[in-house]
Amino acid sequence: MQISNIKLKKPQRGDKLWDSPFTRELKFGTRKIMAQIKLWCRISLSEAVKALNVLLKPGERLEQMRLFFKATGPRASLATCGKLASLLLPRGRDYRLAKLKGISNMQISNFKYIWKRRWVFHLKSNRKSAFRLYGFSKEFAADFLLATRNQSLLYKQRLASVLNKCGYTTAQKQTGLRASLATCGKLASLLLPRERDYRLAKLKGISNMQISNTQKEDKYIHTRINKLICLFAYLLIFAFAAPQARAQDISFGIYPPISQIEAKAPADIKSPIFIENPGDFPIELNISYKAFIPAQSEDGKVEFLDNFESLPDPLITKKVFIIDGVNQITSLTLSPKQKKNLIMEIILPAKQPKGDYYFSVIFSSAAQSADASNISLQTGAISMNILLTVGPKGKTNGVLENFSAPLFVDSGPVAFNVAVKNTGNHFIQPEGEIIIKNMFGQAVGKVPLLQVNILSDSTRRIPDTLQLTTDEVQYEKIKRVVEKNTFPVAIWPEKFLLGPYTATLTLSLSDDGPVFKKSAGFFAFPVSLILAILIVVSITIFVILRVRQKIE
Amino acid sequence: MRNKIFLGLIIFYILNFIFYISEANAQTMTNDNYILQMGNLNSIAGKPTGGNYQLSFTSGESGQNLFSGPNYKVKAGFQYIHPLNTFSFTISNTSIDFGLISPTTPVTRTNNLTVTNESAYGYAVTVSQNHNLRVNSSGQEIPATTCDSGTCTTTTSDAWTSSLVYGFGYRCDNVSGTDCAGGFSDSTFYKQFAASPSAVTVMSSPNVGKNRQTQITYKVNVAVTQAAGLYTNIINYIATPSF
Chain A
127 MQISNIKLKK PQRGDKLWDS PFTRELKFGT RKIMAQIKLW CRISLSEAVK
177 ALNVLLKPGE RLEQMRLFFK ATGPRASLAT CGKLASLLLP RGRDYRLAKL
227 KGISNMQISN FKYIWKRRWV FHLKSNRKSA FRLYGFSKEF AADFLLATRN
277 QSLLYKQRLA SVLNKCGYTT AQKQTGLRAS LATCGKLASL LLPRERDYRL
327 AKLKGISNMQ ISNTQKEDKY IHTRINKLIC LFAYLLIFAF AAPQARAQDI
377 SFGIYPPISQ IEAKAPADIK SPIFIENPGD FPIELNISYK AFIPAQSEDG
427 KVEFLDNFES LPDPLITKKV FIIDGVNQIT SLTLSPKQKK NLIMEIILPA
477 KQPKGDYYFS VIFSSAAQSA DASNISLQTG AISMNILLTV GPKGKTNGVL
527 ENFSAPLFVD SGPVAFNVAV KNTGNHFIQP EGEIIIKNMF GQAVGKVPLL
577 QVNILSDSTR RIPDTLQLTT DEVQYEKIKR VVEKNTFPVA IWPEKFLLGP
627 YTATLTLSLS DDGPVFKKSA GFFAFPVSLI LAILIVVSIT IFVILRVRQK
677 IE
Chain B
29 MRNKIFLGLI IFYILNFIFY ISEANAQTMT NDNYILQMGN LNSIAGKPTG
79 GNYQLSFTSG ESGQNLFSGP NYKVKAGFQY IHPLNTFSFT ISNTSIDFGL
129 ISPTTPVTRT NNLTVTNESA YGYAVTVSQN HNLRVNSSGQ EIPATTCDSG
179 TCTTTTSDAW TSSLVYGFGY RCDNVSGTDC AGGFSDSTFY KQFAASPSAV
229 TVMSSPNVGK NRQTQITYKV NVAVTQAAGL YTNIINYIAT PSF
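Protein sequence lines, in the order shown, are assigned to chains A and B.
If you count by the numbering used here, then the first sequence holds residues 127 to 678, one letter each, in order.
If you count by the numbering used here, then the second sequence holds residues 29 to 271, one letter each, in order.
No lab work stands behind these hints: they were computed from the structure.
All C-beta atoms, glycine included, are put in the ideal place defined by N, C-alpha and C.
It is possible that some hints are incorrect.
Claimed, not checked - Derived PhoX-like pairs (lysine-lysine); straight-line CA-CA distance at most 20 Å:
1) K396(A) <-> K466(A)
2) K238(B) <-> K603(A)
3) K519(A) <-> K101(B)
4) K521(A) <-> K238(B)
5) K519(A) <-> K572(A)
6) K390(A) <-> K101(B)
7) K603(A) <-> K643(A)
8) K238(B) <-> K396(A)
9) K238(B) <-> K477(A)
10) K101(B) <-> K480(A)
Unchecked claim - To spell it out: a stretch of chain B is covered by chain A in this simulated footprint if at least three of its residues, at any positions, have a beta carbon under 8 Å from a beta carbon of chain A; those stretches are:
11) 93 to 107
12) 174 to 183
13) 186 to 194
14) 233 to 246
Please construct the entire structure, taking both the sequences and the accompanying hints into account.
As structure tokens, then:
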């Protein structure tokens, strides 16, 4: 990009290159113009070459080109100057800065015109690749392409990758803030040859201190690049030397496993999420959402749906955001042993449809790339369930579908079936207990029920609180009954039972009711115990009698 | 007379022994109190309600909490489960390398799935595959196994022992706990992987648990007519707590 004192005219159809101001200047003599080019940075290298091609005879072109490159230097300082100019100035073009550097209004006007023309051209000709460049903004991509237009695609990709990793923040890429000296230094260090053309910087009016800073920045960037290269080389060596490293574990944990939310629109809901990577390898996690319904097992398991059509608002997940600090994220990377606190934000507008929304937030790992082998790659995902009620809530309705006990038991523990159907339009957490009385009417046992969630229009079997234990000794008492039943049951862990018992269930679907009360009877007789005693006694008597016979 | 006393003593000791054991397990009255966990991320919160409730408050970086704001309140975590441990899921060896697969020579590989759900009452791990083992460049596939009888599916298992039965399948074995899905009681039984977006449960529990572990065995066997190439696919496991 060059700044000329000659007012540029918009090219018209029929205009010839002879009319170009640059060409007219070249008529005064190639050597003189080349000297001017070298000293003043007046026109671009490509335009000069184009003009030379027009001016000179075919036989003279090669020699003139050779002389031209010799005169201007192998690094095409003019072109570099243009690149830096386009990269130095921010998106809004800080022309005040240009004025401070003694650049005239006409030069600025020309600059605007040329820059716009080139930007449009490069966007048109490289639209796809411009947008592909590592998430750079349109402006940045255009500038980048402009600066590397003579380079191969591979070079561009490598350079973009390096830029992406070496200090360019997302904000810089997206907003096109390219005015900093450090940025200039980075680009200069990457675009220019090894020797660093700081004379060029001086020509551009950059002070010695700024150049010094740039040199420091250069050194820092080079150190970082060297580190990256070393790391890459190390990884390569590691990959080839130890192929077993592919077999890595993934491990992650999340809390809470469920969030139960009651809201009235409009609302800006914030709920914390804690996620950790207890493993020894970093993991990259993508965040997604899936609607679910209760599984038919009636035990609180979820069954994912392929879409959100069954929800009152199928676009609900567009209103759910996962926030890391102040940034909204759709993916995250967890280092080994790293723990992270996130916020789930749900923004409900005033007209949010009422009803219940059941969906899961899923953190899923990405598959590694396959090596040259027959491989089945594994990905893992962990989810947390969201029960969102957008109210006001309607009346709580439900049915006690089943409360039963076995008619006869030999001994405890005793399993009770408790199944409740929620016929309301929002999820509920019934609270209840089973009181067991013996034949004398004395309360001999109490089984508190878990306050499980029962989703709208679904049935759930309710277990008791004792089954929450992770204590192996405690669990051993009820293990047999738990594993015998394929669905959750409430368990009275009493072992020795004798006679008729009455179990009475009292269950309240909400603080405001309705309340269900139902009884079930069962008879217990320790048949196996009595049999065991009889057998032992019989054997004992038999042995004693035999001994007596022998003695007598 | 002496013999009668001796006999009586023996019967007495036997009965005493039997009833002594019974007494040790007799009539355990359940505690009347609930243990509820409440709190707030940044400060102490929660309000005790009712004479029969014992509330334990929590403050810290994460917790089983109540949060509220204008027009909303959030209960994070199960209010009736005390431990605040994370719901965690681990897959050992995320790259199952079958190496060189020779026709009619089955290859098996294993990895382990581990779930800790002390903070969630029940969980399920579902599994699916993106597609059969496939050579991406040519589209050639190793089909899902149908087992020896030709009847096994994504939900029905069956014996797969013949080296002349080809395909790709898996089985589940309990390592810690009994969380494997049904159908794998016999060590020769295998199932097919379900194709995404469908998924089937491979491991689940209706209770809380710690370090529940299963071993998944992947088996592949190919015919002599199977086209040469590098066959790959992706197996997806999703661990979901119950609600």
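Comparing the hints with the structure gives:
1. K396(A) <-> K466(A): holds (16 Å)
2. K238(B) <-> K603(A): The given pair, whose Cα atoms are some 18 Å apart, holds under the 20 Å limit.
3. K519(A) <-> K101(B): Holds. K519(A) to K101(B) sits at ~13 Å (cutoff 20 Å).
4. K521(A) <-> K238(B): violated (38 Å)
5. K519(A) <-> K572(A): Cα-Cα ~32 Å, so violated.
6. K390(A) <-> K101(B): holds (10 Å)
7. K603(A) <-> K643(A): violated (28 Å)
8. K238(B) <-> K396(A): Given that 20 Å is the threshold and the Cα spacing comes to 30 Å, the pair is violated.
9. K238(B) <-> K477(A): violated (43 Å)
10. K101(B) <-> K480(A): Satisfied, since the Cα-Cα distance of roughly 16 Å is no more than 20 Å.
11. 93 to 107: Contact hint for the stretch 93 to 107 of chain B vs chain A: holds, 13 residues under 8 Å.
12. 174 to 183: n = 0 at 8 Å, threshold three: violated.
13. 186 to 194: violated (count 0)
14. 233 to 246: Our answer is that it holds, as 6 residues pass the Cβ test (under 8 Å) against chain A, meeting three.
Checked against the numbered hints given earlier, this structure breaks hints 4, 5, 7, 8, 9, 12, 13; the rest are met.
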